[in-house]
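S.K.: Next come the chains, spelled out residue by residue.
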Amino acid sequence: MAGKKALLTAAAGLTAGAVALRRLTARSPEPDDTHRWLVVTVQRAPDDVRPHEIGPLKDFGDRIETRINAAPGDRGTELAARFRDPAAEGGGSVAARVAGDDPRQDLRRALREAKALLEAGEVLLPDAPPTDHESPGGKLIGTLSRRAGGEGVL
Amino acid sequence: MKALCWEGVDRLSVEQVPDPILRNDQDMIVRLVAGTTCGSDLHLIGGYIPFMRAGDVIGHEFVGEVVEVGPAVRRHAVGDRVVVCSFVGCGRCWYCANDLWSLCDNTNTNPGIGQALFGADTAGIFGYSHAMGGLRGSHAEYVRVPFADYGAFTVPEGVDDTSALFVSDSVPTGWMGADLGGVGPGDVVAVWGCGAVGQMAARAAVLLGAERVISIDRVPERLRMTERHVGSEVIDYSSTDVGAELRERTGGRGPDVCIEAVGMEAHSDGPMHVYDQVKQQLRLQTDRPTAVRQAIHACRKGGTVFILGVFAGAVDKFPLGAVINKGLTVRGAQMHGQRYIPMLLDRIAAGELSTSHMATHTVSLDEAPTAYDMFKHKTDGCVRAVIRPGG
Numbered sequence: 805m806a807g808k809k810a811l812l813t814a815a816a817g818l819t820a821g822a823v824a825l826r827r828l829t830a831r832s833p834e835p836d837d838t839h840r841w842l843v844v845t846v847q848r849a850p851d852d853v854r855p856h857e858i859g860p861l862k863d864f865g866d867r868i869e870t871r872i873n874a875a876p877g878d879r880g881t882e883l884a885a886r887f888r889d890p891a892a893e894g895g896g897s898v899a900a901r902v903a904g905d906d907p908r909q910d911l912r913r914a915l916r917e918a919k920a921l922l923e924a925g926e927v928l929l930p931d932a933p934p935t936d937h938e939s940p941g942g943k944l945i946g947t948l949s950r951r952a953g954g955e956g957v958l
Numbered sequence: 016m017k018a019l020c021w022e023g024v025d026r027l028s029v030e031q032v033p034d035p036i037l038r039n040d041q042d043m044i045v046r047l048v049a050g051t052t053c054g055s056d057l058h059l060i061g062g063y064i065p066f067m068r069a070g071d072v073i074g075h076e077f078v079g080e081v082v083e084v085g086p087a088v089r090r091h092a093v094g095d096r097v098v099v100c101s102f103v104g105c106g107r108c109w110y111c112a113n114d115l116w117s118l119c120d121n122t123n124t125n126p127g128i129g130q131a132l133f134g135a136d137t138a139g140i141f142g143y144s145h146a147m148g149g150l151r152g153s154h155a156e157y158v159r160v161p162f163a164d165y166g167a168f169t170v171p172e173g174v175d176d177t178s179a180l181f182v183s184d185s186v187p188t189g190w191m192g193a194d195l196g197g198v199g200p201g202d203v204v205a206v207w208g209c210g211a212v213g214q215m216a217a218r219a220a221v222l223l224g225a226e227r228v229i230s231i232d233r234v235p236e237r238l239r240m241t242e243r244h245v246g247s248e249v250i251d252y253s254s255t256d257v258g259a260e261l262r263e264r265t266g267g268r269g270p271d272v273c274i275e276a277v278g279m280e281a282h283s284d285g286p287m288h289v290y291d292q293v294k295q296q297l298r299l300q301t302d303r304p305t306a307v308r309q310a311i312h313a314c315r316k317g318g319t320v321f322i323l324g325v326f327a328g329a330v331d332k333f334p335l336g337a338v339i340n341k342g343l344t345v346r347g348a349q350m351h352g353q354r355y356i357p358m359l360l361d362r363i364a365a366g367e368l369s370t371s372h373m374a375t376h377t378v379s380l381d382e383a384p385t386a387y388d389m390f391k392h393k394t395d396g397c398v399r400a401v402i403r404p405g406g
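As they're listed, the protein sequences go chains A and B. Per this note's numbering, the first sequence runs over residues 805 to 958. Per this note's numbering, the second sequence runs over residues 16 to 406.
Rather than coming from a laboratory, the hints here were simulated on the basis of the structure. Please note: incorrect hints may appear among the correct ones.
Simulated coverage check for chain B against chain A, where a stretch passes if three residues somewhere in it have a Cβ under 8 Å from a Cβ of chain A [stated by the list, open to error]:
id : region
1  : 65-78
2  : 128-138
3  : 270-283
Short derived list, chain A residues pointing at chain B, Cβ under 10 Å [said to hold, decoys possible]:
id : residue
4  : 843
5  : 849
6  : 857
7  : 871
8  : 873
9  : 874
10 : 875
11 : 892
12 : 907
13 : 909
14 : 912
15 : 931
16 : 936
Remember, predicted model here, so these are calculated numbers, not experimental data. Think of the CB as a built atom: it goes at the ideal place given N, C-alpha and C, for glycine as much as any other residue.
Extracted from the complex, chain A is given alone in its bound form (with noise of 0.2 Å):
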């Protein structure tokens, strides 16, 4: 019963995995969704966010721009980043996002990271080892938390 259990919720993280896949896919066609503005809203006054001088996009130099905007309803400040050259950065197809080779990926990342360090002071890691032993099923979790903090919606 464990077995036939195992295996159907392999079958679910499968079903899963397409689904996110399937969202990868549906937006990579679009020819401008490289240039696209990658927004977080930070819990902040306007005034006090900084993007080049907040340390994940710090390291971007002159490859990105960035803006920011009041957030409507005191809801802080909406900072966005993109490249300034997509094409020469590369990536964007779906064979790189699922390599984890999408530049835009590590743009995902450092936005977030910059929204945790300015609202929360630091950014959470997890813990370490996150299993001291490997299945087949775990491994594939594991790339997919590889994945996920340059992934998403954002």
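Position chain B against the provided structure of chain A, taking the given hints into account.
M.R.: Frame of chain A, contents of chain B only:
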């Protein structure tokens, strides 16, 4: 150290794992005094939330003693006796600032998974899969507590460990259902489920002034416990037509507020249970929403249904027509514990709220796999098994 690990679907094992370490300046390390089984753990154990890795430590409801603090921890010191909220909140994002702690922006270390599944990532939870943050669970000798100043609360003198333990998760979850469900004086409230969360939702409804509170379950000892310790009327759904009974007890109107405290592995009598079981086991739907459907049908026109049970994905035969045509408000949430925990500790200290009766069994960490089996099958009158690593 020893810890209770998920090793695969329906397989738990006590293993040796590395001791936790301070990974961030706002972390602290807590030595476990007591933890407890929770119904939501069963969804992980049974493989209904497919984001677990073999070796993951489970458990999220606990009380303990502080043994180490990070350099940025201000509100706690070594030796403090603390109860820790199962959800981790940074305390400073917009959601935390607005008391919506389970929606914290900064505590899920795997945000892309939640965003792919739900359209947004939610807060991290101890020991609740890599979709919900990947943080180690609390069924261990020690646990790392991130953002400790916001998630850990000193237990007042006079509140014993077992009473404080349930303030970690089940008590604030139940309270939230009644509070955000809008329960007020004069209301008739129906609660589906007489587990710990359901009992606490019913008790919250009583304390918030409801005129009548009616709890629904099928397990005799849980029904008796709810009558005795919560002050709620009860209905045994295995021998009673719940819809007809609720209409009769409410003058034909239906309850003003219906709180579902059952979740994705709901049981019921009748063909819909078989239908949901088959679809869930074939993974054609992720959750069994039997109690949610019943709550929506039973609720009075213009009333509120609050979904407290854990659901992970998509459900079938959701009665949207009843929601629209009866003008219902349907709301759900994972629990915003930090919003309620200080008040709940005060109420326990004042004797207004009893929680320790839910601890029907006490076991060591080595006995935890057996305790989960007992808890899952509701044998020996088990409502909650308390796990004490120190014996």
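S.K.: Residue 912 of chain A was flagged as interface toward chain B. Is the shortest Cβ-Cβ separation under 10 Å?
M.R.: The hint holds - residue 912 of chain A has a Cβ within 10 Å of chain B, the shortest such distance being about 8 Å.
S.K.: Have a go at the residue 936 of chain A hint: is there a Cβ in chain B nearer than 10 Å to its own Cβ?
M.R.: Cβ of residue 936 of chain A sits 5 Å from chain B, so the hint holds.
S.K.: Regarding the hint that residue 931 of chain A lies at the interface with chain B, is the smallest CB-CB distance below 10 Å?
M.R.: 4 Å, holds
S.K.: Is the shortest C-beta separation between residue 843 of chain A and chain B less than 10 Å?
M.R.: 13 Å, violated
S.K.: Taking 8 Å as the C-beta cutoff, is the stated coverage of the region 270-283 of chain B by chain A satisfied by three or more residues?
M.R.: Violated - the region 270-283 of chain B has 0 residues with a Cβ nearer than 8 Å to chain A, which falls short of three.
S.K.: Given residue 871 of chain A was flagged as interface, is its beta-carbon under 10 Å from a beta-carbon of chain B?
M.R.: Not OK, violated: residue 871 of chain A not within 10 Å of chain B, min 20 Å.
S.K.: Under 10 Å, Cβ to Cβ, is where residue 873 of chain A needs to be relative to chain B, so tell me if that hint holds or is violated.
M.R.: 15 Å, violated
S.K.: Holds or violated: is there a CB of chain B closer than 10 Å to the CB of residue 875 of chain A?
M.R.: 9 Å, holds
S.K.: Grab the minimum C-beta distance from residue 849 of chain A to chain B and call the hint holds if it beats 10 Å, violated otherwise.
M.R.: Because about 13 Å separates residue 849 of chain A from the closest Cβ in chain B, which is outside the 10 Å limit, the hint is violated.
S.K.: Residue 892 of chain A was flagged as interface toward chain B. Is the shortest Cβ-Cβ separation under 10 Å?
M.R.: Hint on residue 892 of chain A: violated, closest Cβ of chain B at ~25 Å, above 10 Å.
S.K.: Quick check: the region 65-78 of chain B, covered by chain A? Criterion 3+ residues, Cβ under 8 Å.
M.R.: Answer holds; 7 residues pass the 8 Å Cβ test.
S.K.: Against chain B, with CB atoms and a cut of 10 Å, does the hint on residue 907 of chain A hold up?
M.R.: For residue 907 of chain A, the interface hint is violated, since the closest Cβ of chain B sits about 16 Å away, which is over 10 Å.
Comparing the model with each numbered hint stated earlier shows that hints 3, 4, 5, 6, 7, 8, 9, 11 and 12 do not hold.
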